[in-house]
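Visitor: Residues per chain, in single letters:
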Amino acid sequence: MKGQALKGHLDLLVLAVLADGPLHGYAVIEHLRDRSGDAFDLPEGTVYPVLHRLDGAGLLASNWSEATGRRRRTYRLTDDGRAALVQERSQWQQFAAAVTSVLKGAEPCPNPT
Amino acid sequence: MPEPDLIDRYLTELRKSMSSRNDIEDVVAEVEDHLREATGRLNALDRPKSEAQRLTIERFGDSSLVAKAFAADSAGGIVMPSVITRTSGAVALVTAALWCLVATLNWWASGLSVPFTEDRWMVVMWVVFAALLGTVLVAVGMVIRMGRRDLVPLVAVAGVLGAVGFTATAWMWPIWGLFISAGFLLVLLRWRGSMGGVRLPDWAMVAAWPAGLGTVVGLSVLEAGPIDEYGDHPVAVVVGLAVVAALMTVGLVSVGSRLIGEKSARAPRAVVHA
Chain A
1 MKGQALKGHL
11 DLLVLAVLAD
21 GPLHGYAVIE
31 HLRDRSGDAF
41 DLPEGTVYPV
51 LHRLDGAGLL
61 ASNWSEATGR
71 RRRTYRLTDD
81 GRAALVQERS
91 QWQQFAAAVT
101 SVLKGAEPCP
111 NPT
Chain B
1 MPEPDLIDRY
11 LTELRKSMSS
21 RNDIEDVVAE
31 VEDHLREATG
41 RLNALDRPKS
51 EAQRLTIERF
61 GDSSLVAKAF
71 AADSAGGIVM
81 PSVITRTSGA
91 VALVTAALWC
101 LVATLNWWAS
111 GLSVPFTEDR
121 WMVVMWVVFA
131 ALLGTVLVAV
141 GMVIRMGRRD
151 LVPLVAVAGV
161 LGAVGFTATA
171 WMWPIWGLFI
181 SAGFLLVLLR
191 WRGSMGGVRL
201 PDWAMVAAWP
211 AGLGTVVGLS
221 VLEAGPIDEY
231 GDHPVAVVVG
241 LAVVAALMTV
251 GLVSVGSRLI
261 GEKSARAPRA
271 VVHA
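Sequences listed follow chains A and B, in order.
Per the working numbering, the first sequence runs over residues 1 to 113.
Per the working numbering, the second sequence runs over residues 1 to 274.
I should point out that these hints are in silico values taken from the structure, not numbers from a laboratory.
For clarity, every value in this text was computed on a predicted model and none was experimentally measured.
Mixed in with the good hints there might be a few duds.
Facing chain A, from chain B, some residues (calculated, C-beta under 8 Å) [what the hints assert, rightly or not]:
no.: 1; residue: A38
no.: 2; residue: D46
no.: 3; residue: G61
no.: 4; residue: F70
no.: 5; residue: S82
no.: 6; residue: R148
Quick reminder that beta carbons are idealized off the backbone N, C-alpha and C, glycines included.
Taking the hints into account, I'd like the entire structure generated from these sequences.
Guide: So, in structure tokens, the structure goes:
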């Protein structure tokens, strides 16, 4: 799936990945890739602005630590983030169900033989 | 000759592309951590250093693309209602009542019903000041609700200074009022994407002060009521401020009832296993 198609859903995906526990940026992207079965093909650098915005909005919290001689920023879900995930996931499920329902109706009829 | 460090070069480019950001060093540190981690994993798979760095940078994206993504992503996305935005909704309803009180007290202090006294005028000014502060808090709540926390200091400082200026030079109220209208016009134009968009009654906050000023000018031209010792028409000012209060009330109740009615993001505390 190309980055453009993911636009608008990244917030939800990032929140979902962080629901299991705190992760640093590289691990968030790795989890996104692994859990999607390598389906998400987007420049990894574009995930960081999303992490920063969600952090600024209070949906994530972050802290810095030292790892192998480098500064490392780790993100975790806040209570507001968990609430946002519940809400966004519910909206996504409703949307996906509606789209699936429409697509089912559009399935081509088998050729009469 | 030593191999050039592609990551260092990339970070220099990124730093140049994003030089205006206050948190540039944090962003660069975070990106470096990502790139070195990814390169290290490729090295572990026996990829040469330069190839590992090149592949890692390719996956991360061009530095100008990443800089653009940061610039474009500074606002928007999920912005949830919060205790603050709900509180500002309650403040909006209280402020609407204060504007009604301002209109009533202005009539009481105008000298139309009972003789004018300085004490009465001071009472009006204190209530005006409270109403103005309440209005500023509502604007701050709206700015937070649309996800622009970065604008909060600007709105708060400009609003409080405006409220002090308005109260100290109340004779200039039409000019101060037009600033309030302009402020809410900007906020509402930015607010269109939040909470299902702007509703017609919301615009009453923008229309309030021009409409009030128009009423004062119109009634003064028509020479409605008596003329006071300053050559003004108190009836025109009383009716003009009543128009302002009525329209501010309509707008504040419209915005406030929505802000206060939203479920706070802090309400559901269930742990989610995605």
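Visitor: If you check each hint against the structure, which ones fail?
Guide: 2 and 6
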